[in-house]
Amino acid sequence: MIDVNLLRENPAAIKASQKARGASEDLVDQAAKADDNWRKAQAEFENLRAEQNAKAKLVAGASPEERTKLIAEGQELAAGVKAAEQRAADFQNELNTIVLKIENVVTEGVPVGGEDDFVVIREEGTKPTFDFTPRDHTELGELLDVIDIERGVKISGSRFYFLKGWGARLELALMNLALDQAANANFTALITPTLVKPEVMAGTGFLGEHSDEIYYLPADDLYLTGTSEVALAGYHSNEIIDLTDGPKRYAGWSTCYRREAGSHGKDTKGILRVHQFNKLEMFSYVTPEQADEEHAKLLAWQEEMLKKCELPYRVIDTAAGDLGSSAARKFDAEAWVPSQETYRELTSTSNCTTYQARRLNVRYRKEDGKTAIAATLNGTLATTRWLVAILENHQQADGSVRIPVALRPYLGGAEVISPVKKS
RNA sequence: GGAGAAUUCGCCUAGUGGCCUAUGGCGCCAGCUUGGAAAGUUGGUUGGGUGCAAGCCCUCGGGGGUUCGAAUCCCCCAUUCUCCGCCA
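For the first sequence, the residue numbers in this note's numbering are 38 to 460.
Since the hints were made in silico from the structure, they are not lab data.
Some hints could be false.
If you anchor each label on the Cβ, the simulated ranges turn out as follows [to be verified]:
{"id": "1", "residue 1": "E152", "residue 2": "K306", "range": "30 to 38 Å"}
{"id": "2", "residue 1": "Y252", "residue 2": "A91", "range": "53 to 61 Å"}
{"id": "3", "residue 1": "E404", "residue 2": "E81", "range": "35 to 43 Å"}
{"id": "4", "residue 1": "E152", "residue 2": "K70", "range": "40 to 48 Å"}
{"id": "5", "residue 1": "D249", "residue 2": "T408", "range": "47 to 55 Å"}
{"id": "6", "residue 1": "A91", "residue 2": "A239", "range": "19 to 27 Å"}
{"id": "7", "residue 1": "K344", "residue 2": "V149", "range": "44 to 52 Å"}
{"id": "8", "residue 1": "V156", "residue 2": "R402", "range": "15 to 23 Å"}
{"id": "9", "residue 1": "K70", "residue 2": "E145", "range": "37 to 45 Å"}
{"id": "10", "residue 1": "E341", "residue 2": "R76", "range": "16 to 24 Å"}
{"id": "11", "residue 1": "E187", "residue 2": "V156", "range": "34 to 42 Å"}
{"id": "12", "residue 1": "A337", "residue 2": "I277", "range": "25 to 33 Å"}
Simulated pairs of lysine-lysine, DSBU-like, Cα-Cα distance not exceeding 35 Å [to be verified]:
{"id": "13", "residue 1": "K164", "residue 2": "K234"}
{"id": "14", "residue 1": "K306", "residue 2": "K92"}
{"id": "15", "residue 1": "K345", "residue 2": "K56"}
{"id": "16", "residue 1": "K334", "residue 2": "K345"}
{"id": "17", "residue 1": "K92", "residue 2": "K138"}
{"id": "18", "residue 1": "K303", "residue 2": "K345"}
{"id": "19", "residue 1": "K164", "residue 2": "K334"}
{"id": "20", "residue 1": "K94", "residue 2": "K106"}
{"id": "21", "residue 1": "K106", "residue 2": "K70"}
{"id": "22", "residue 1": "K56", "residue 2": "K458"}
{"id": "23", "residue 1": "K92", "residue 2": "K77"}
{"id": "24", "residue 1": "K344", "residue 2": "K303"}
{"id": "25", "residue 1": "K344", "residue 2": "K458"}
{"id": "26", "residue 1": "K119", "residue 2": "K303"}
{"id": "27", "residue 1": "K234", "residue 2": "K94"}
{"id": "28", "residue 1": "K201", "residue 2": "K138"}
{"id": "29", "residue 1": "K138", "residue 2": "K106"}
{"id": "30", "residue 1": "K201", "residue 2": "K234"}
{"id": "31", "residue 1": "K344", "residue 2": "K306"}
{"id": "32", "residue 1": "K92", "residue 2": "K52"}
{"id": "33", "residue 1": "K403", "residue 2": "K52"}
{"id": "34", "residue 1": "K52", "residue 2": "K70"}
{"id": "35", "residue 1": "K164", "residue 2": "K345"}
{"id": "36", "residue 1": "K138", "residue 2": "K164"}
{"id": "37", "residue 1": "K56", "residue 2": "K403"}
{"id": "38", "residue 1": "K306", "residue 2": "K164"}
We put the CB at the ideal spot given by N, CA and C, even for glycine.
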């Protein structure tokens, strides 16, 4: 959630941000009004309560007659105090409801507009040229017997698959490569729960507009997470963390579950868009002053991984309207997918500034001893989808796939995955 | 699944209706002491809201209730521990 102090001091800035996102500016006025109402009602209640407290305190030391009188007065006050408290609580609820709807204030410089209004920051690597017709990853997956979609569908339905043989090993190798890199950069590895309570899902903001993307288990009132970000953001909720030694960084590995409810007909072939995949996610808790710098670092680590996988990619600065509600700025790295002759998102990194941490009540202690809301950032370091780019970009005429050098140590030194007779 | 116990300011802990505006210890921070340290000693040490400020309000796991007044009494919930059952 946004900072109510900003709402009081500079509502125009929030309005401008809402406008850039194509979100409601009217919410800001509504929130300001609700805030005003709440503060008045709260002051009224507190004054009455102070009076009540003062009277109650006198009772103990009073003479019998005075005592009767004071108790009578107290009885009279009690109902009024209760009513005032209720009024204040109602206004506060109203304020909260509105404020939670306001999205994070976008960073200055973020492109205005929607999904297609991103700005390409740079392109890296060389797109492969083939003297044969490149196969798509589905075909390669069958040829090499590394992705078994048919049987995945048989077992679990559409958008499910088996990773098999070198495919399974390749994914584990990718995750291990990423985890080693993260560990070197001072990330603590975490294998996170993938079933979480409603309040955690709500607290991380995933129950809002994306709620139909999420699997829910009614018998247990638990949600399956679509990213370990949920658990990683909730990890330090309601805590005062120590940031004196620098950022707290976590590399969370988990299986991710997504209903893909709104994407019927999109990417139906292969494993580009699936209900279940694995992901290694970077997550940083930093001071608000460090957030921009950390964001640049997360992006640099993502690019490092892409380079290790020898993938051509571009980095885009996502437009305001395409940001998640928690993000103030988001960079995506998209890898070249030869069969589609287009770039597809492999990583995404968001700077959530204090927006997410405020809602989850994650604080740190400043040098003056006071507490302040921390900033959070997240970024992908590896996912199952990377296999698509790796298989397609490194394919050879005979259908074999060259394994990127950095991955070989994790695959027993293997250099190539060759076609096999399908079993 | 059943029964019982517990949850207090970083940690431990006192506290069964009103000077609890929460006790004491450990730890931590600052001062004194010291050549320096230890020991000793004095003070500080939960957070939040609101207000220019003084202050006021909230906070004893969470939420309700009883009462003029609740850490304390009642109800619901969460978590932890112990025992029983069940499963491995």
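Okay, the hints, checked on the actual structure:
no.	hint	result
1	E152 - K306: 30 to 38 Å	violated (22 Å)
2	Y252 - A91: 53 to 61 Å	holds (54 Å)
3	E404 - E81: 35 to 43 Å	holds (37 Å)
4	E152 - K70: 40 to 48 Å	violated (33 Å)
5	D249 - T408: 47 to 55 Å	violated (37 Å)
6	A91 - A239: 19 to 27 Å	violated (40 Å)
7	K344 - V149: 44 to 52 Å	violated (31 Å)
8	V156 - R402: 15 to 23 Å	violated (38 Å)
9	K70 - E145: 37 to 45 Å	violated (27 Å)
10	E341 - R76: 16 to 24 Å	violated (49 Å)
11	E187 - V156: 34 to 42 Å	holds (41 Å)
12	A337 - I277: 25 to 33 Å	holds (29 Å)
13	K164 - K234	violated (44 Å)
14	K306 - K92	violated (74 Å)
15	K345 - K56	violated (39 Å)
16	K334 - K345	holds (16 Å)
17	K92 - K138	violated (41 Å)
18	K303 - K345	holds (29 Å)
19	K164 - K334	holds (25 Å)
20	K94 - K106	holds (13 Å)
21	K106 - K70	violated (41 Å)
22	K56 - K458	violated (57 Å)
23	K92 - K77	holds (23 Å)
24	K344 - K303	holds (28 Å)
25	K344 - K458	holds (32 Å)
26	K119 - K303	violated (55 Å)
27	K234 - K94	violated (43 Å)
28	K201 - K138	violated (44 Å)
29	K138 - K106	violated (49 Å)
30	K201 - K234	holds (33 Å)
31	K344 - K306	holds (26 Å)
32	K92 - K52	violated (46 Å)
33	K403 - K52	holds (30 Å)
34	K52 - K70	holds (14 Å)
35	K164 - K345	holds (15 Å)
36	K138 - K164	violated (42 Å)
37	K56 - K403	holds (33 Å)
38	K306 - K164	holds (22 Å)
Hints 1, 4, 5, 6, 7, 8, 9, 10, 13, 14, 15, 17, 21, 22, 26, 27, 28, 29, 32, 36 from the list above are not met by this structure, while the remaining hints are.
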